[in-house]
Structures are given as structure tokens and as C-alpha cells.
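One letter stands for each residue in the lines below.
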Amino acid sequence: MKSIKILIIFCLLASSSLNVFSQNENTKIDNMTRDEIMNLSQDELLDMSLEDLTLVAQKLGVSIDELLKMKTTVASTSALTPRETPGIISIITEEEIENMGARDLIDVLRMVPGISFGYDDAGVYGIQMRGNWGFEGKVLMLMDGQELNDLKYNVYPFGQHINIHQIKRIEIIRGPGSSIYGGNAELGVINIITKDATDINGVSITSDAGVNGGIVGFSNINLNAGKQVGKWKVSATGNYNRGLWSDKNFRDYDSSSYKPADSSDLVTSYNANIKVSYAKLSARFILDNYKTHYLTDSFTYGNEFKTLLGEVKYEFSPVKNLTITPRFNYRNSIPYYAAGWYLNNSITRYTGNVTANWDISKNINIVGGVDYYYDYAKMMENTDSSLFFINDTVNGTSNVSFNNIAVYLQSIIKTKYFNITIGGRFDNNNHYGRDFAPRVGITGIWNKFHAKLLYSKAFRSPSFGNIEFESDIKAENTRVLEFEAGYKINSNMFLTANLFDISIKKPIIWYDNGDDDCGYLNSKETGTRGLEIEYRLKYVWGYGTLNYSYYIPEPGNTVTIYQVPGHDNSYLGAPNHKLTLNTSFKLNKIFNINPSAIYYSKTYGYLRQFDVYKEYKQSFLFNLFLSANIKSFEFGAGIYDIFNQGPAFVQPYQGYNFPFPSPSRQFLIRLAYNFKFK
Amino acid sequence: MIKISLRQLLLLFLIIFSMTDRIKAQDEKFKAIFIYNFTRYINWPVKTDEFVVTILGNDPIKGEMESIAAKKMVGNEKIRVISINSISELGNCQIVYIARNKSDLLTQVALKAKEFNILIITDKSNACSLGAGINFVSSGGKLTFEISKQNIENCNLQINSALLSLGKLVN
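Protein chains in written order, with the working numbering: chain A, 737 to 1414; chain B, 171 to 341.
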């Protein structure tokens, strides 16, 4: 009751100061954003000429074109709009991320068609893409173009990891991306683009907290700073996040029951991202640390993922219409680290890359490049048990290295009626051999209507972690067929639907028969097929997105650890149907109210200890977030999972783990201060 | 443990929604400023002591116009804003703005406008074809205006060609 009173007082105080003014002098109409225009005073508008006033009034317009004309590079290297780009893509803007009251990336990505989450093991959550378990090396996570997946198992752990307040935009390929990105982009690519110096132009600090079940479920703090001076741009972001997975009872693999809330600091993460650029020369460094704990009745152990990334790149144009970008990347990854644990590995990758982007003519564009990387992996602890190549004749080595060279090429040919994309990437790895990932796409925009027909092959290259157990393990090969049709209903509404068919050959799966008989092997085939539909609208008063996703397993699936006996139309831990609604309403200059909802159909989990399958009923998450902007301050308050249905995170294969509970109904609060340089 | 009842939640929403401005308030602000700017591009045949803007009907634009009138003049003339609800109250003025709830009176106002040299400004689709001189058009938040040179000149008003190039010409 006390918190409600505080919120009411805050609302009444806020309503007494409704005017928010821009501090800008010397404003140029062309460069003004819609928010800046909305904040112009009557006096400033009266001082404008009628010509300028007419332009300003035009810029007040809000339409779906803001999204449809946004250039993205995630699926084609050349900047293309979502309707042109040869991939099924989603874009999530900063406005949507902030308004939905998202606590972390799980909350954001759950709203995307085809994406859901499951529990792997040892306190780590992973991503599912279109019904397929994408945890190890199948979905590529990028931050500003740099790869975040660890170098041992190619996993990316989700859950209170990336702080959302540093994000400008997320671009997602909801399909294969190996023809550009290589071996970890088999089922999808998620590129998190952070705010740069011109976006920040000042300093901002944001803090969130959530309370559920009488405990502080999570808290975090994020700092962004950035400034452009002449050709120099400098930006820096740092954040710290901590929280508990849940306040509910959890059953571990020994069947013991306990509450995660009884322990503290189950998840902590910190991240720093610094970029310095001078004209076309840029350097970026990212430090990422994520620590999760895994509790059992008998012991506790932590898993820490330490990542250090560095990139230096330079863009130049020796001739008109040709841009060449040489790039050097450094990546050090220490995954699943526990102090003193004999299996601690440190893996470093050095990558050199040159990409050329050439507009041969108005209608033909070619992008091509060469990519070389060298991986070096070593055991970190002084131990006699050296574990690389356990089951191989090369037994007992404490370090190992691989190298990989790749060549890629893509051409986009624009004709009068449609665009043709032809491309591919060829990789040659000195250990697991060669792979080729071609892509062919036909895309067309005809006034309000657009269509895409896409055929791609992709692969998932075996990781050190896979090879450690089985040195002869082969890469997975995937064939994906996609069709998308879209219709711009009017200037404020847009509808798309797509079909997909994913077939994964030689999928790399984990097996565990007990008594230390475990490891990785190539199974025969798996995959899914299905449908996704999305409807978006955007008006001055707000926006809304409604989407529906559906999948069924590929008929030829041979991976029994994914199957649900008696339910051939489902995989473990992956609901067949998902429906999401994300809306935002501008109440006035200060307040936005943002309801969102997610529906999951029932799913199944395998309780190994009892050798039974359990049905988990359908769930409906309803969330509400109220945000307010007053001068340099932002406030937010909301409730996540109002009806307290929070679906558990089910393990999407026959492993040893019970589902991990999600937090109960959570009350959220957010405070932010933004200082802008003049 | 923090508990929240449905009643408390509803009370909170009532308070927040009671503070909502109409989104259209942004439109009204811009329309009023446009109206003020139009006076720089149109000449009235007769000069008076004050420049009168009449608002016919209920519209929040009245408040915006009064705010402008408090600080601006048209040439050397102070701006006076009056509000009326029927055509019989329409007297000498330079501009009449017809609110949406009185848009059915447009053709009658057009007859008076010719007689008294009044510029008619409206906010209704196709109003220029019914006698309006300038009609605001709002679509997806974008605000533009249509302009009928013929209707304006029929009221003995002189129009600067620069204004014609900024709006959408309607015959």
C-alpha cells in the first residue's frame, strides 16, 4: 500500500509540471528529431517562418515507414530496408525495449516470433529458435558486430546478462546466417547495437530493481557516456547486474527441493564497452563477465563466463562506389570457469578480415571478403590430467590450436520487378574440414506488397568442447527454405507472414548414458517447419505489435532426446504456439503506459529421475509498465507477470534437470538521469 | 511482501488517466500558430482597430489562440479572440475558425464571409470545395493545409503567392 501511495504522489507532482523544453539553440529543422519538435515551446514556434513551421509540422507525422525504411546490415552487409533484405528479420528499437519495461534480453527476445528459452544445465539458460534448441553454436550473438558466444561450446548464457539500457537497436535474422557469419549462425543471428557517441551525447545513468515474493529479485545499474568532437567520437558503457533466478521452489537433479532465494548472488554480471573512433578508423573493446550459481542440496558451484573482445577496423574508399574494410579482432573466452576447477580452459581467437563492398552500378552490388582466424586453447590449471582429445589417439595434450580460412561473396542484382541475391561462404578448417553455405534469394517490393523466397544452407562448426569428447565429430549442415509475404495496409499498419522449413543434417547432440558414458555425437537429422505472422501498427498515440509463431518437428527427426513420446508434433520444452502482444500508449507529454502479453501453449518436460514425461500447461504472461519523462529524468514502474503464471524454463532435451522456475509476479521500478551536452 | 489489490490498481489507473491531455492538444497548438502565420500572407481590404478571430463551436484551439493574442499582434492591430456557437452571433471579424462540431454551418458562413471579407479556416475533409479558404488536414500526426485561392479571393482578400506554394492547392 505504501508503494502505491508513493506512486500516486509522484503522478500528482508530475502532472503539475507538464512542460518539457528542449535546451537546443541554433536548431536546424532537418536534423531535429520528432521528440525535439514535440518539446518546442510556443514562442520558439512563433519565431519560425511559415516555411520552417510547415516542415516541422510534417515531421510530427508518425507512420509505419519509420520501421520499414530503417536500414539494417545484419542480413546482407549492405544496408537494406527490412522489406528488401534477403532474410526474415526483426528489428527491436530502443523505444520498444525501454517502454516494455524489459528486465533483460529474455524479456525483449520473447516478444520476437519464433524465439523462446529453455534451461540447459548448471544454472544456464539458452535460446530456442523456431522450436529448435539453439543453445550450443546454433544462434550467433553479436554485440556491435563482435561475437559473444564462448569459444569452447559456442554458447551464450541468457538471463540478467546484457543490460538493456545500453541498447540502441537489436537486429535479428530469424533464419540462417552462415553465408555471411560462418559456423555459429546456423539458425539465427542476433546483433545488439549499442548507443554510440552521437546517440548518447552526454551522460546517462539508469538503475532498475524488481521485487518478487518478498525478496529483491534483481537490481542493476548502467552508465552511458559519449561525446563527439570534430572527427573524434568516444563512447563508454558500463553496467553491473545482480539477481536471483527465482523465489520459487526448485528441484535439483538429486530431486532435492530448495528455494534459490535462500542463497544470495545467484547471478551477477558486469559489462564494459568502450569505442574510440577518428573518422573511419575505430577501435572497440568489450569486457563481459557473467556468473551464475548452481545449487543442489549437497553443494553449490558457480559458473563464470569471462569474455574479452577487441576490434580495430578502418573503412576507406580507394575509388568511388567501392568501400574496403580491413578488420582485426581479438577474443578471449573462459567459459564455465570455477576457481581451481581442473577443467578450466582459456581460448583465444585472433581474426583478420577484409571486406569489400562495391556498387558496380545502380543495380548491381557485390560484397566479398576473406576471413582468417587462429584459435588457441589451453588448460588453465596445473594438472596432470590434460583433457583435449580425451578419446583420441592424441591423448594427453593440455593445449591445442586450430585455424580456419573463409572466403565469402554476395551479389545483389536489382531488376525492374525484383531483386536477386546470390552468395555463399566457403570455410576450410584444419581440423574438421570444409563447409560451404550458399544463399539464394528473390525479393520484390510492389507498392504496398512485398515477397521473399529464400533458400540457404548453413552449418554449425564443432567447438573445442565437442571435439574434446569426439575428435572426429563433423559439422552440422542445415538447409532452410523460407517464404515471406508482407502488405502495408496503410501508412500506419503493416502485416507479414512467413513459412519456414528447417532441416538439420548430422546434428551434434549431447548424450549421457550414466557411468561416465557421455559426450557428443552426430545424429542423423532434425529440424522444424512452421509459420510466423506479425501485425504492426504505429500512430502518434502509440504503437502495437501482435505476432504468432507455430512450429512442428521435421518428419524425419531422428534425435530421440528431443522427442516427446506420444506427441510427435512437439519437441521437449518448446511450446508449439506462441502469441505475443506489445503495446505502448502515449497518455500525455510525460506518461506512456505499456501493456504487453505472451501466451505459450502447453509443453513437455522429461523428468529423468522418475523416467516420465510431464505436461506443463499453457501459460499467459501479462505485464504492465508505466514510464514517465520529466526533463532529464526518467521514471518507470510496473508489474511483470501480473497473474503470476510464470512458465518454468524446461530443459529441451532428455537431460538430468528439472525445469527451472521463473520468478513470481515481480514489481519493477526504474530511475534514470540523462545529461545532454550542448 | 508487497500486496496489491485490484481496487488499488484501478485507483492508480484512474488517477493517471485523469491527467491525460488529449493527444490532439499538439495539433491545436500547431493550428493556432499556423493561423497566426496566415495573417502575414493575406491582406484584408479594410483596416480596423483590432484583428478579430472568431471561433465558431467548441474547440481547444480557442485557448491556444488566446495565448498567442496575449503576446502577438497582426501588424499594428491587437488580436482579439471571441467564441460563438451560432451563425447569428457571427459579426465583423477577419478570421472565422469553424470547429468540427459546427462544420455543417460552413455553407452559411461562406455567404457571410463574402459579405464581410472573412477568411474561413476549417478542419474537415473537403471543406475547401464547400467554401473554406484554408482547411487543415491531419494524417498520422502530420499536419498540412489545403488552400483555395478562389474562395479566398471571392471574399475580397488578397493572397500572397508564397502561401499558395506551402499548402495543397484545391480548386
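Accuracy of the hints is not assured; some may be wrong.
Said to hold, decoys possible - Under the rule of at most 30 Å between Cα atoms (straight-line distance), these lysine-lysine pairs were calculated in the DSBU-like manner:
{"hint": "1", "chain 1": "A", "residue 1": "Lys-795", "chain 2": "A", "residue 2": "Lys-807"}
{"hint": "2", "chain 1": "B", "residue 1": "Lys-312", "chain 2": "A", "residue 2": "Lys-807"}
{"hint": "3", "chain 1": "B", "residue 1": "Lys-242", "chain 2": "A", "residue 2": "Lys-1325"}
{"hint": "4", "chain 1": "B", "residue 1": "Lys-217", "chain 2": "B", "residue 2": "Lys-242"}
{"hint": "5", "chain 1": "B", "residue 1": "Lys-312", "chain 2": "A", "residue 2": "Lys-931"}
{"hint": "6", "chain 1": "B", "residue 1": "Lys-217", "chain 2": "A", "residue 2": "Lys-795"}
{"hint": "7", "chain 1": "B", "residue 1": "Lys-217", "chain 2": "A", "residue 2": "Lys-1325"}
What the hints assert, rightly or not - Pulled from the structure, derived: some chain B residues nowhere near chain A, Cβ distances all over 12 Å:
{"hint": "8", "residue": "Asp-197"}
{"hint": "9", "residue": "Lys-199"}
{"hint": "10", "residue": "Ile-203"}
{"hint": "11", "residue": "Pro-215"}
{"hint": "12", "residue": "Ile-238"}
{"hint": "13", "residue": "Ile-257"}
{"hint": "14", "residue": "Lys-284"}
{"hint": "15", "residue": "Ser-308"}
{"hint": "16", "residue": "Ser-309"}
{"hint": "17", "residue": "Ala-332"}
{"hint": "18", "residue": "Ser-335"}
{"hint": "19", "residue": "Asn-341"}
Said to hold, decoys possible - Over the 12 Å line for every Cβ pair with chain B, so calculated as not near, a few chain A residues:
{"hint": "20", "residue": "Asp-779"}
{"hint": "21", "residue": "Leu-791"}
{"hint": "22", "residue": "Asp-932"}
{"hint": "23", "residue": "Ile-941"}
{"hint": "24", "residue": "Ser-993"}
{"hint": "25", "residue": "Lys-1210"}
{"hint": "26", "residue": "Cys-1254"}
{"hint": "27", "residue": "Tyr-1271"}
{"hint": "28", "residue": "Tyr-1284"}
{"hint": "29", "residue": "Asn-1312"}
{"hint": "30", "residue": "Leu-1407"}
To be clear, the hints were calculated from the coordinates, so they are not data collected in a lab. For each residue, glycine too, the CB sits at the ideal point set by N, CA and C.
Checked hints:
At roughly 19 Å between alpha-carbon atoms, A:Lys-795 and A:Lys-807 fall within 30 Å of each other, so this suggested pair holds. Annotation: proposed proximity of B:Lys-312 to A:Lys-807 holds, straight-line Cα distance about 23 Å (limit 30 Å). Simply put, B:Lys-242 and A:Lys-1325 have alpha-carbon atoms about 26 Å apart, close enough for the 30 Å limit, and the pair holds. For the hint pairing B:Lys-217 with B:Lys-242, the CA-to-CA distance comes to about 17 Å; that is within 30 Å, so the pair holds.
At roughly 28 Å between alpha-carbon atoms, B:Lys-312 and A:Lys-931 fall within 30 Å of each other, so this suggested pair holds. With a C-alpha separation of about 36 Å, the suggested pair B:Lys-217 and A:Lys-795 falls outside the 30 Å cut-off, and the hint is violated. Of the supplied pair hints, the one linking B:Lys-217 and A:Lys-1325 is violated, its CA atoms being roughly 40 Å apart against a limit of 30 Å. Under the 12 Å C-beta cut-off, the non-interface status given to B:Asp-197 relative to chain A is violated; the minimum distance is some 8 Å.
Listed as a non-interface residue, B:Lys-199 fails to keep its Cβ farther than 12 Å from every Cβ of chain A; the least gap is roughly 7 Å. Not every CB of chain A is more than 12 Å from the CB of B:Ile-203 (nearest about 5 Å), against its label as outside the interface. Listed as outside the interface, B:Pro-215 is consistent with that label: its C-beta sits roughly 22 Å from the nearest C-beta of chain A, beyond the 12 Å cut-off. Against the 12 Å criterion, B:Ile-238 falls within the reach of chain A, whose nearest CB is about 7 Å from its own CB.
Non-interface status of B:Ile-257 relative to chain A is upheld: no Cβ of that chain comes within 12 Å, the nearest being about 30 Å off. Taking the minimum C-beta to C-beta distance to chain A, about 26 Å, the non-interface status of B:Lys-284 holds against the 12 Å cut. Interface exclusion of B:Ser-308 from chain A breaks down, the closest Cβ pair being 9 Å apart, not more than 12 Å. Non-interface call for B:Ser-309 relative to chain A: violated, since the shortest CB-CB distance, roughly 7 Å, does not exceed 12 Å.
Under the 12 Å C-beta cut-off, the non-interface status given to B:Ala-332 relative to chain A is violated; the minimum distance is some 8 Å. Chain A draws B:Ser-335 into its interface by the beta-carbon criterion, the shortest separation being 9 Å against a cut-off of 12 Å. Every C-beta of chain A lies more than 12 Å from that of B:Asn-341, the closest at about 21 Å, which supports listing it as non-interface. The claim that A:Asp-779 lies off the interface is violated: its Cβ sits roughly 8 Å from the closest Cβ of chain B, which falls inside the 12 Å cut-off.
At the 12 Å boundary, the C-beta of A:Leu-791 falls inside the reach of chain B, the nearest C-beta of that chain being 10 Å off. In this structure A:Asp-932 is separated from chain B by more than 12 Å, as the shortest Cβ-Cβ distance comes to about 28 Å. Every C-beta of chain B lies more than 12 Å from that of A:Ile-941, the closest at about 25 Å, which supports listing it as non-interface. Every beta carbon of chain B lies more than 12 Å from that of A:Ser-993, the smallest distance being close to 21 Å; the non-interface claim holds.
The beta carbon of A:Lys-1210 sits about 53 Å from the closest Cβ of chain B, which is more than 12 Å, so the claim that it is off the interface holds. Residue placement check: A:Cys-1254 keeps its beta carbon more than 12 Å from all beta carbons of chain B (closest about 42 Å). For A:Tyr-1271, the shortest C-beta to C-beta distance to chain B comes to about 17 Å, beyond the 12 Å cut-off, and the non-interface label holds. The claim that A:Tyr-1284 lies off the interface holds: its Cβ sits roughly 26 Å from the closest Cβ of chain B, which is beyond the 12 Å cut-off.
For A:Asn-1312, the shortest C-beta to C-beta distance to chain B comes to about 33 Å, beyond the 12 Å cut-off, and the non-interface label holds. Against the 12 Å criterion, A:Leu-1407 stays outside the reach of chain B, whose nearest CB is about 18 Å from its own CB.
In summary, the structure is inconsistent with hints 6, 7, 8, 9, 10, 12, 15, 16, 17, 18, 20 and 21 from the numbered list given earlier, while agreeing with the others.
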